Every structure is written in C-alpha cells, then in structure tokens.
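Spelled out, the chains give:
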Amino acid sequence: MSALEKPQIIAHIQKSLSYTVFDSRWIPCSAKFVCMGNFARGSGVLQIYEVQRGELQLVREIEQAKPIKCGTFGAASLQQRHLATGDFDGGLNVWNLEVPESPVYSVKAHKEIINSIDGVGGLGIGDGAPEIVTGSRDGTVKVWDSRQKDRPVVNMEPVEGETKRDCWTVAFGHAFNAQDRCVCAGYDNGDVKLFDLRNMSLRWETNIKNGVCSVEFDRKDINMNKLVATSLEGKFHVFDMRTQHPTQGFASVSEKAHKSTIWQVRHLPQNRDIFMTAGGAGNLHLWKYEYPAQRTKKGADDVDMGVAGSVNLLQNVTLSTQPISSLDWSPDKQGLCVCSSFDQSVRVLIVTKLNTV
Amino acid sequence: VMSGNKAVELQTQMRQNAEDLQNFMKELNNWEEEIKKKDQQLRAGNISEPPTLPPVRNNDYKKTKTSVKRQTNGLKEQKETQRIKSYDYQAWDKFDVDKSLEAMDAEESPVHSNESDSEGLQVDRDLALTEKQKGNECFRDGRYDSAIECYTRGMDSDPYSPVLPTNRAACFFRLNKFAVAESDCNLAIALDGKYVKAYIRRAEARTALNKHQDALEGLTLYQEIMEVNEVTLVIEYLSSSEKSESDAEPLQQLQEQEQQRKQEAVVQKDRGNAYFKEGKYEAAVECYSRGMEADGTNALLPANRAMAYLKLHRFSDAEQDCSTALALDASYAKAFARRATARAARGRTREAKEGPPSIASVAFTASPSFLRSSHAFVFVCRLRAGSEAGAGKQTESITFRKNDNQLILRCQYFLPSTTILFLCFSSQRLTLQQISPDAYLKIFQNSLEPDVLNHILKTFHSFFQREDASLLLAVLRSLASVRRFDMTVMFMSSAEKKLLQELFDWIHSAGLGDASVPGLQKKYGL
Chain A
1 MSALEKPQII
11 AHIQKSLSYT
21 VFDSRWIPCS
31 AKFVCMGNFA
41 RGSGVLQIYE
51 VQRGELQLVR
61 EIEQAKPIKC
71 GTFGAASLQQ
81 RHLATGDFDG
91 GLNVWNLEVP
101 ESPVYSVKAH
111 KEIINSIDGV
121 GGLGIGDGAP
131 EIVTGSRDGT
141 VKVWDSRQKD
151 RPVVNMEPVE
161 GETKRDCWTV
171 AFGHAFNAQD
181 RCVCAGYDNG
191 DVKLFDLRNM
201 SLRWETNIKN
211 GVCSVEFDRK
221 DINMNKLVAT
231 SLEGKFHVFD
241 MRTQHPTQGF
251 ASVSEKAHKS
261 TIWQVRHLPQ
271 NRDIFMTAGG
281 AGNLHLWKYE
291 YPAQRTKKGA
301 DDVDMGVAGS
311 VNLLQNVTLS
321 TQPISSLDWS
331 PDKQGLCVCS
341 SFDQSVRVLI
351 VTKLNTV
Chain B
1 VMSGNKAVEL
11 QTQMRQNAED
21 LQNFMKELNN
31 WEEEIKKKDQ
41 QLRAGNISEP
51 PTLPPVRNND
61 YKKTKTSVKR
71 QTNGLKEQKE
81 TQRIKSYDYQ
91 AWDKFDVDKS
101 LEAMDAEESP
111 VHSNESDSEG
121 LQVDRDLALT
131 EKQKGNECFR
141 DGRYDSAIEC
151 YTRGMDSDPY
161 SPVLPTNRAA
171 CFFRLNKFAV
181 AESDCNLAIA
191 LDGKYVKAYI
201 RRAEARTALN
211 KHQDALEGLT
221 LYQEIMEVNE
231 VTLVIEYLSS
241 SEKSESDAEP
251 LQQLQEQEQQ
261 RKQEAVVQKD
271 RGNAYFKEGK
281 YEAAVECYSR
291 GMEADGTNAL
301 LPANRAMAYL
311 KLHRFSDAEQ
321 DCSTALALDA
331 SYAKAFARRA
341 TARAARGRTR
351 EAKEGPPSIA
361 SVAFTASPSF
371 LRSSHAFVFV
381 CRLRAGSEAG
391 AGKQTESITF
401 RKNDNQLILR
411 CQYFLPSTTI
421 LFLCFSSQRL
431 TLQQISPDAY
441 LKIFQNSLEP
451 DVLNHILKTF
461 HSFFQREDAS
471 LLLAVLRSLA
481 SVRRFDMTVM
491 FMSSAEKKLL
501 QELFDWIHSA
511 GLGDASVPGL
521 QKKYGL
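Chains as they are written, first to last, in full-length UniProt numbering: chain A, 1 to 357; chain B, 1 to 526.
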C-alpha cells in the first residue's frame with residue numbers, strides 16, 4: 001500500500017489530568033467518554049469528558065473510595081448506559097452516572113484487585129442476558145448477572161492444589177444467541193483459557209510463553225471468528241477461532257512489534273479485521289488481518305484444522321514516552337478513538353481512511 | 001527526475017492528508033451535534049419495555065433438576081400440557097428426540113437426582129459460606145443480632161453444617177440467652193459428633209445456666225468419644241459450689257481437687273488465649289497468672305504468659321516465665337524459642353544461643369508484607385552453623401511453613417552446637433544472627449522486599465557491636481547480589497539511607513575499609 005493510501009493516526013485533542021488514569025471508555029451513543037483512575041491521595045476517580053469542537057469539556061467528576069482499575073459499558077442497556085467498574089480492592093460496582101452517589105449493583109467480587117472487566121448482552125448487541133465478567137489477581141474469573149446479588153453466576157477458579165496465577169485480562173465472545181457465551185482469560189504465566197459458559201467447561205487452553213496482557217475477540221456477538229492475545233515483550237498472536245482441532249487447538253499467527261509490552265488490543269467496531277495495539281513505549285500500531293485463501297485444511301489424521309492468515313501493519317505512531325494503558329474505539333464514529341497513558345494524560349485520536357483500507 | 005517525482009508525491013500525499021483531516025473534522029462536528037441530540041433523547045425519552053431476558057445462568061439449571069427430584073408427578077403433568085400438537089409440523093421439525101430421551105432418563109434415574117441433590121447443596125454451601133463470613137464480621141463488630149440473622153440465613157441454605165449453629169450459639173451466649181445457645185450447640189453436635197467447639201460452647205452455656213453437672217457430663221462424653229487425653233482439648237468446668245457439694249472420700253476428694261485445679265488452669269489458659277488473639281495482652285496475662293496459681297505444674301501457662309509479656313515488651317518477665325516453663329518441662333521447644341526472643345530483645349544475644357541440642361521448633365509471627373512476598377510457602381535453605389561449634393557442622397534443612405499468621409521454622413542440626421540458629425521475625429525487628437550470608441540468595445529467591453531489607457538494616461543498627469563489623473559487611477555484600485536488589489534500593493527513603501550511611505561508617509571505623517567497600521556503597525546508592 002503506498003503512503004498515500006495508508007490511514008493516518010492524528011492526535012486530535014490531548015488533555016493532562018491530575019491523577020493516574022487506568023482506563024478510558026466511550027459512553028455509547030454520545031460524544032462523551034469516562035476516564036477512570038486514582039488520585040495521589042488514594043481515592044478513586046471517574047471523570048466524564050465531552051468532545052466539543054476540538055476541545056474536551058469536563059462534564060462531571062465523581063470521587064470514589066477505592067481506586068478504579070477498569071470499566072465497561074458492555075452489559076448496559078442503551079437507555080441506561082450504566083458503567084460497571086472494577087476497583088483495586090476487588091469490588092465490582094455498576095454505576096448510573098447521572099446518580100453516582102450509590103451504585104446500582106455492588107459486590108465484593110474478589111479478594112484482590114480486579115485487573116480486567118468485560119460486559120456482554122447490552123447496548124442492543126447480541127441476545128441473551130447482560131453479564132459482566134471480572135478477572136482478578138486472586139486467580140479467579142467470575143461472571144456476574146445484575147439480577148443475582150452477592151454471588152457470581154459462574155466462578156472459574158483453579159483446582160485445589162494448583163497454584164493460583166494472576167488473571168490479567170478477560171473477554172467475552174461467541175455470544176451469538178441467547179445461550180451461548182464464551183469467556184477467554186489470559187494469565188500472567190502465559191496461559192490463555194477459553195471457557196464455554198453454555199457447557200460450563202474449559203473448551204481450550206494454550207500457553208503463549210509470556211504474560212498475557214490483553215485478549216479480545218474481534219466481535220463478541222458472532223460465532224467466534226478471531227481472537228487476539230497480546231503479551232509482554234512485544235508479541236501478539238491472532239488465533240483463527242472458526243476451526244478447532246482436537247489436539248492442536250486453533251491455528252494462529254504471531255507478530256512481534258512495539259519492542260515492549262503490548263498493553264492493549266482493540267478491534268475497530270466497524271470493521272472486525274482492523275485492530276490497534278498499544279505499546280509500552282507509548283506507541284500505537286494499526287493492523288489489518290488478511291484471511292488465507294482457504295481457512296481450513298485437512299490435517300494429518302484427516303481432521304479439519306484451521307489455517308491462520310497474515311497481519312499487515314497499516315500505520316504506527318508514537319504519542320508518548322509512557323505506556324499507553326488503555327484504548328477504546330468510538331462505537332458511533334468510525335476512526336474516533338480515545339486512549340490514556342501513564343503520563344497522566346488522555347488523548348482523542350482520529351484515524352483516517354479506514355473505510356478505504 | 002526521480003527526486004522531482006518524489007517531491008511531487010510527497011506534496012500530493014501531504015495535501016491529501018490535510019484534505020482527509022479537514023473532511024474528517026467537518027464530519028466530526030456534524031456528528032457531534034447529531035449524537036448529542038440522540039444522547040438527550042435517550043436520557044429523557046421513554047424507556048421502551050426491555051425484551052424479556054433469559055433467566056440468570058445456572059439458576060434454572062439447578063431449579064429444573066431439583067424439581068425433577070421432588071415433583072416427578074408435577075413434571076409429568078407439565079410435560080403433558082406441553083405436548084406438541086400432531087399437526088404442528090414446524091414444531092416437530094424442531095423437536096429434538098435425543099434431548100427428550102435424555103430428559104426422560106434423568107427423570108427416572110435416581111443417580112441423576114442424587115447428583116442434582118448434591119448440586120443444589122453445593123450452590124447452597126457457597127451462600128452459607130458468604131453468610132457465615134458476614135456473620136463473623138458482624139460478631140467482631142459486636143452486632144450480635146445482625147450476626148444471628150446472617151447465621152440463620154446460612155443455616156437455611158446449608159442445614160448440614162455444624163459451624164453455623166455453633167457460631168450462632170456464640171452470639172446468643174454474648175446476648176446472655178444461654179438456653180438458646182445450648183440448644184443451638186445441641187443441634188451442632190447432632191450434625192457432627194466430633195465438632196469440638198460445639199461441645200465447649202455447650203459447656204460454657206450450661207455453666208452459665210448453673211447446670212454444672214450437665215456440663216461436666218457433656219464433656220466427659222466428648223472425651224470418651226474422642227479418646228482424647230490432652231488437657232488442652234477438653235475443658236471441664238466446675239464451679240466452687242460443685243466442689244463443696246462433692247461428698248466423695250477424702251482421698252478421692254484430694255484427687256478430684258487436683259483435677260479441678262488442673263482443669264481450672266486450662267480454662268484460664270484458654271481464656272488467656274482468646275484475649276491474646278484479640279490483642280488484649282494485659283487481660284491475657286491476668287488469665288494466665290490465675291491459671292498458674294491454680295496449677296503450678298502446667299508448663300503451658302508460663303510459656304503463654306511469656307508470649308504475652310513479649311507482646312507487651314516486658315522482656316525480663318518473659319525470660320523469667322520461659323525459664324519457669326523450661327524448669328517444668330525441659331523439652332518444651334516453644335519455651336526455648338520465646339526465651340531466645342526475649343533475650344535477643346534485651347540485647348543479650350550470646351546467651352540466647354543456648355538451645356536444645358536436637359530439633360528445635362521456633363514459632364514466630366512475621367510481618368504481613370513479608371508473608372505476602374514469599375510466593376513459595378516452603379523454601380529450604382542450607383545454612384552453616386557458626387564457627388564456635390568448631391568443625392562447621394552443616395545444619396540440615398530449615399523449612400518455613402506458613403500457618404495462618406505464623407511461620408514455623410524447623411531446624412535440625414547435628415550435635416550440641418553452642419551456636420543456635422534463631423530467626424525471629426517480629427513486627428518490630430528481624431534478628432538474623434548466624435545465618436551464613438551466602439544463604440541470602442537462596443532465602444530471598446526471587447526478590448528482596450524493601451520492608452525486609454529495612455528490617456535487616458535496622459536490626460544491625462540497633463544491635464551493632466564492634467565484632468559484628470565483618471559479619472555486617474558480608475551481609476551487605478550478599479544482599480547486594482540478590483535479585484531485584486537495585487529496585488529495592490531505589491525505594492529506600494532518606495531516613496533509611498541515613499541508617500545505611502551510619503552502618504558503612506561503622507564498617508570503616510572498624511578498619512574494614514578495603515577497596516571493594518566504596519563499590520559496595522555505590523551499589524547501595526550512597
């Protein structure tokens with residue numbers, strides 16, 4: 001692709017914040033996003049900003065008792081748009097941002113910090129009950145339904161006797177009808193595990209030889225298509241999830257980039273083959289996945305196995321010297337995205353030419 | 001010409017990019033307005049009826065299984081009403097024969113209903129556990145009524161657990177409702193005949209109701225069931241009135257009195273232990289003292305009182321008590337350990353080295369940060385006994401085993417070496433005499449936590465004597481070779497750096513300032 005046709009990544013707005021920000025998420029159906037983090041004094045904070053003609057207006061600031069690590073709108077309905085957050089103390093709270101004094105749902109989900117959270121079934125995407133999944137340093141992955149108090153709907157924990165590994169990331173996927181759901185969890189020792197919630201079983205696991213920082217399905221609400229798992233030391237793997245071989249699992253292609261930890265991967269909501277990775281050196285890489293000519297082939301024992309395609313780097317840009325810890329595409333405007341980094345700043349980015357890529 | 005082309009290309013590229021960006025921005029502004037309108041609509045507008053959501057996952061799974069077990073008739077009826085009409089071809093197309101066969105099998109087979117039974121119980125046990133924890137919290141806060149509610153809810157979920165009624169009995173006891181407490185204990189004992197706490201609580205409740213004879217009987221019964229001889233496990237309460245009522249022969253009476261005193265001592269010991277756990281050390285000391293008055297032959301009491309004294313920093317009293325305990329029971333390892341701690345605390349490190357010749361078990365509490373930092377709960381390090389014993393006898397394994405808040409250190413060494421290894425982590429200090437410095441690498445394995453480093457340095461600072469200079473130097477050297485040392489040094493505060501500077505000054509003044517020391521100082525960031 002010539003330089004003329006490559007998408008451009010431009011930092012449209014940059015804002016310095018007075019706290020450490022861990023996650024930033026667009027509020028669906030709006031030009032607003034939420035930043036979550038903690039003040040130096042040890043309390044958590046939620047700030048809502050609105051994009052207004054090239055500037056960010058602070059709409060609201062809400063202080064919380066505990067620092068907030070992650071959040072998601074995935075399980076909220078479009079009218080209510082409640083934010084589910086996980087904090088440093090292991091507490092899961094669902095907030096109505098209009099009435100933030102007390103949470104809509106609150107539970108002490110884990111004994112240690114909730115590292116990652118994801119939601120599915122809301123926002124008019126997909127069928128089935130809205131559910132939230134949390135992964136924590138205590139090694140367990142729990143699925144919550146806001147209609148059931150105090151107890152998780154599913155709890156995936158290591159067997160008695162096995163050492164608990166920190167769970168660093170979780171993602172929902174395969175939610176193409178009301179019953180099917182899968183949860184993918186990545187751990188600090190490189191394990192990637194896929195749990196099937198319909199059959200309540202471990203469907204697949206593998207080890208990518210380095211701590212897994214982020215996993216994401218390309219779409220949550222379809223039959224599993226692709227899964228990207230990023231790790232420390234600059235490597236990420238793209239798995240083709242359509243064909244599972246009984247012994248060899250899923251086919252994958254891996255790519256080394258960033259020369260540092262890849263903190264986050266996010267697929268473009270409007271095109272599931274384009275995704276962006278955020279690195280520890282403050283850089284962003286935009287990738288496009290190309291499917292192979294044949295997605296399946298016959299293996300040695302005449303059983304179908306998948307064939308992985310290839311990944312092309314479309315563009316990269318360095319925005320900061322500190323790691324970019326979170327990234328979120330706007331579900332309403334293609335090419336608009338917000339990212340936050342550990343230099344206590346949040347940036348709104350514009351990525352052009354995504355419709356012609 | 002080539003460069004000309006390139007320049008043109010570059011220019012067109014830049015122009016295109018600028019155009020792209022402009023278009024995007026224009027679109028963005030329009031989009032912003034549109035989306036704000038939509039946002040307002042959603043927030044203000046009618047909340048349309050949400051479509052009926054599927055039930056909570058796994059809830060109906062459990063429910064259908066239990067209903068299969070309980071109401072097979074009802075289920076059959078349900079099935080009949082749901083019978084697919086014969087002319088509904090579409091429904092027949094979707095009808096899954098295999099599934100319905102499986103369902104029928106599940107209905108009939110008792111194995112499945114047993115499974116469902118245990119499934120149901122499993123889920124309820126989780127709820128019971130949550131309620132128990134909630135109840136424990138309320139109890140600790142003194143909110144006994146809320147605690148009772150929580151335990152009751154827990155008992156509804158898991159009617160087979162003896163823990164919940166026992167805990168509830170404790171709540172009732174605190175509320176002075178002794179009869180209710182007793183009946184709860186009876187329930188617990190009925191559920192599990194070997195549950196010690198239930199017996200003890202029942203005895204307490206009965207005593208409070210002045211039903212001493214019953215209390216005694218209940219516990220004797222327990223003793224027979226368990227064939228337990230150890231005094232610590234069985235408490236027999238007898239009040240003074242009981243003593244006077246006894247009309248046995250004088251000899252028997254004497255024996256009984258002996259027994260009574262012993263038992264009273266144990267009562268006091270347990271009370272003291274309870275106070276100790278709650279942190280009320282003075283009260284604990286009182287209980288232990290009363291126990292010692294009652295029974296002067298029980299070695300546990302002085303040893304426990306010594307522990308309480310240690311916590312209260314009354315080290316000479318602690319040492320005395322330990323000696324008393326050892327006089328009563330020469331093989332009581334805990335007493336040795338506590339005496340060592342007491343002596344160390346008083347700076348008499350040399351005397352502390354007297355120890356048992358064979359296996360010594362030292363129990364101590366470690367600061368929470370240290371416990372959290374050691375991933376491996378059991379790690380082994382090889383250490384060399386000090387030179388005083390002479391021929392450098394190797395000590396065998398030193399294992400750390402974590403048990404609640406205690407790290408139990410077991411060490412074996414061969415002969416009566418006068419050098420005892422003691423490793424006392426207390427919340428105040430860390431005494432590391434006699435561990436060979438080379439062992440640090442093994443002890444700290446993956447990382448050296450800042451707290452631990454500071455403890456080590458503080459210890460040396462407080463107890464430093466001239467002859468320790470070479471040891472200090474060796475320690476500092478080997479610490480510097482532990483992994484993640486650099487990071488730990490980074491985290492040192494200025495106060496700690498001052499400490500370190502003093503230590504290095506002492507090394508210099510002791511005449512050990514050779515060429516490598518400045519390098520070492522640099523490593524420590526000085």
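Hints are computed from structural coordinates only; laboratory data are not their basis.
Wrong hints could be hidden among the right ones.
Claimed, not checked - Derived BS3-like pairs: lysine-lysine, alpha-carbon spacing no greater than 27 Å straight-line:
{"hint": "1", "chain 1": "B", "residue 1": "K277", "chain 2": "A", "residue 2": "K353"}
{"hint": "2", "chain 1": "A", "residue 1": "K66", "chain 2": "B", "residue 2": "K134"}
{"hint": "3", "chain 1": "A", "residue 1": "K108", "chain 2": "B", "residue 2": "K38"}
{"hint": "4", "chain 1": "A", "residue 1": "K111", "chain 2": "B", "residue 2": "K277"}
Claimed, not checked - Partner residues are not named here, just some residues of chain A that face chain B (Cβ under 8 Å, in silico):
{"hint": "5", "residue": "C29"}
{"hint": "6", "residue": "I48"}
{"hint": "7", "residue": "R53"}
{"hint": "8", "residue": "V59"}
{"hint": "9", "residue": "Q79"}
{"hint": "10", "residue": "G128"}
{"hint": "11", "residue": "Q148"}
{"hint": "12", "residue": "V154"}
{"hint": "13", "residue": "D221"}
{"hint": "14", "residue": "I222"}
{"hint": "15", "residue": "T352"}
{"hint": "16", "residue": "K353"}
Since we're looking at a predicted model, the values are computed, not measured.
In this text, a Cβ means the ideal position worked out from N, Cα and C, and glycines have one as well.
For each hint, the structure was consulted:
For a cut-off of 27 Å, the pair hint linking K277(B) to K353(A) is broken: about 67 Å separates their Cα positions. Proximity of K66(A) to K134(B) is assessed by CA-CA distance (about 21 Å); at most 27 Å being required, the pair is judged to hold. The straight-line distance between the Cα atoms of K108(A) and K38(B) is roughly 35 Å, outside the 27 Å bound, and the hint therefore fails. Between K111(A) and K277(B), the direct Cα distance comes to roughly 23 Å. Compliance with the 27 Å bound is thereby established for this hinted pair.
For C29(A), the interface hint holds, since its Cβ comes within 8 Å of a Cβ in chain B; the closest pair sits about 5 Å apart. Hint status for I48(A): violated, given a least beta-carbon distance of 12 Å to chain B, over 8 Å. Residue-level restraint check for R53(A) holds (minimum Cβ-Cβ distance to chain B is 6 Å; threshold 8 Å). Interface restraint check: V59(A) against chain B, minimum CB-CB distance 11 Å, threshold 8 Å, status violated.
This hint holds: Q79(A) has a C-beta 5 Å from the nearest C-beta of chain B, less than the 8 Å allowed. Hint status for G128(A): holds, given a least beta-carbon distance of 6 Å to chain B, under 8 Å. Taking 8 Å as the C-beta contact cut-off toward chain B, the hint placing Q148(A) at the interface holds, the least distance being around 5 Å. At a threshold of 8 Å, the smallest CB-CB gap from V154(A) to chain B is about 7 Å, leaving the interface hint in force.
For D221(A), the suggested interface contact is broken, since its CB lies about 15 Å from the closest CB of chain B, more than 8 Å. For the restraint placing I222(A) at the interface with chain B, the shortest Cβ-Cβ distance is roughly 18 Å, beyond the 8 Å limit, so the hint is violated. With 8 Å as the threshold, the beta carbon of T352(A) comes within range of chain B, its nearest partner Cβ sitting at about 4 Å, so the hint holds. Taken as an interface hint, K353(A) checks out: its beta carbon lies about 6 Å from the nearest beta carbon of chain B, inside 8 Å.
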